[in-house]
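J.: So you can see what is in the structure, the chains are spelled out below.
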Amino acid sequence: MSARIALTLPDPERDHISGSVDGSVRLLEYGDYECPSCGMAQPIVKEIQRQLGGDLLFAFRHFPLTKIHPHSEHAAEAAEAAGTQGNFWDMHDLLFENQRALEDEDLTAYAAELGLDKTRLIREVTSSLYAARIREDFKSGIRGGVNGTPTFFINGERYDGALDLRHLLNSLAFHST
Amino acid sequence: MSLREFRGQPVILAFYPADWSPVCGDQMTLYNEVLEEFQAFQAELLGLSVDGAWCHAAYARQNKLHFPLLADFEPKGEVARAYGVYDEKEGTCERALFVIDSDGIIHWSYVSPIGVNPGANGILSALEELKSKNEMAEATK
Chain Y
1 MSARIALTLP DPERDHISGS VDGSVRLLEY GDYECPSCGM AQPIVKEIQR QLGGDLLFAF
61 RHFPLTKIHP HSEHAAEAAE AAGTQGNFWD MHDLLFENQR ALEDEDLTAY AAELGLDKTR
121 LIREVTSSLY AARIREDFKS GIRGGVNGTP TFFINGERYD GALDLRHLLN SLAFHST
Chain X
1001 MSLREFRGQP VILAFYPADW SPVCGDQMTL YNEVLEEFQA FQAELLGLSV DGAWCHAAYA
1061 RQNKLHFPLL ADFEPKGEVA RAYGVYDEKE GTCERALFVI DSDGIIHWSY VSPIGVNPGA
1121 NGILSALEEL KSKNEMAEAT K
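The listed protein sequences derive, respectively, from chains Y and X. For reference, each letter of the first sequence is one residue, going 1 to 177 in this note's numbering. For reference, each letter of the second sequence is one residue, going 1001 to 1141 in this note's numbering.
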């Protein structure tokens, strides 16, 4: 693994980021598109992004538990492939909104829905083009203290509190001062 | 099964309280995904709890585990007691990790609060230490 990756902080050079790099608070999520808890956290993340706006930098890294979530690897590949075509985040959202429909045909349909080159996307997914990068995400999580999904880091510190909007916002506010 | 069988390679012993704890944050499920990294150090991972062999078999099948689970079942908790990680009150193993070196000596151990998944980072750091220790020993031979 590249020693340059900060394990618990977003890396704007490498990671998929959303929000402002000048924001005072940095939220990093390690997640799995097929994990129900991650699915439940997703609307909370969206609301945090809405409320904090330009104060927040959000980044997502893949942490697929592939043995218990058999679609999680291809789903992560699809997000990466969409990212290569310039639309990581819309695919990311679609995957979380459709956690029970993550077969390869579904991934192809989501690519089409987003106006992406679906043939290219599914070819990249099925040939595991982004497997090394996804594994790099996973390993950085392991070394950074991710023990399950979702795991959040706020300004580099693991968040072990309750996964609800109020507690997360409180913690974010604490770290932004 | 005897630890002696694993002489010449590091062994990771992961004692845990019970099979069938909630899935996404489950310790054994996580280790199952990290096997590749453990194997890079030639390390063998063994999970241990006081659950019986058939319970382990069902749990391992359900979660597609690719490493052995040992039943510390009869006499109950004997192995955990020998390592000092048996919880008499609950009647289960504590959540404890041991990394044993290729000579059968405990190199690193960690006992986690019962409800907290300790993750794999400590194990990997211990395996790295063992590796560099062995390399130093080789170099000074």
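Misleading hints may appear alongside valid ones.
As the list claims (entries may be wrong) - A few chain Y residues facing chain X, derived, Cβ under 10 Å:
id, residue
1, I68
2, G115
3, K118
4, S128
5, A132
6, F138
7, K139
Rather than coming from a laboratory, the hints here were simulated on the basis of the structure. Note that the coordinates shown come from a computational prediction; the quantities given were computed from them, not determined experimentally. The C-beta atom is built at its ideal place from N, Cα and C for all residues, glycine as well.
J.: Hint check: is the beta carbon of K139(Y) less than 10 Å from a beta carbon of chain X?
T.: holds, 7 Å
J.: Is the hint on K118(Y) kept, meaning its closest Cβ partner in chain X is under 10 Å away?
T.: Cβ of K118(Y) sits 29 Å from chain X, so the hint is violated.
J.: Was the hint right that A132(Y) lines chain X, CB cutoff 10 Å?
T.: violated, 13 Å
J.: Given a cut of 10 Å on the nearest C-beta pair, is the interface hint for S128(Y) held or broken against chain X?
T.: Because about 15 Å separates S128(Y) from the closest Cβ in chain X, which is outside the 10 Å limit, the hint is violated.
J.: If you take the shortest Cβ to Cβ gap from F138(Y) to chain X, is it below 10 Å?
T.: holds, 7 Å
J.: For the restraint on I68(Y), tell me whether the closest CB of chain X is nearer than 10 Å.
T.: Given a least distance of 6 Å, the restraint on I68(Y) holds.
J.: Interface hint check: G115(Y), Cβ to nearest Cβ on chain X, cutoff 10 Å. Holds or violated?
T.: Check failed: Cβ of G115(Y) comes no nearer than 33 Å to chain X, outside 10 Å.
Hints 2, 3, 4 and 5 from the earlier list are contradicted by this structure; the remaining hints agree with it.
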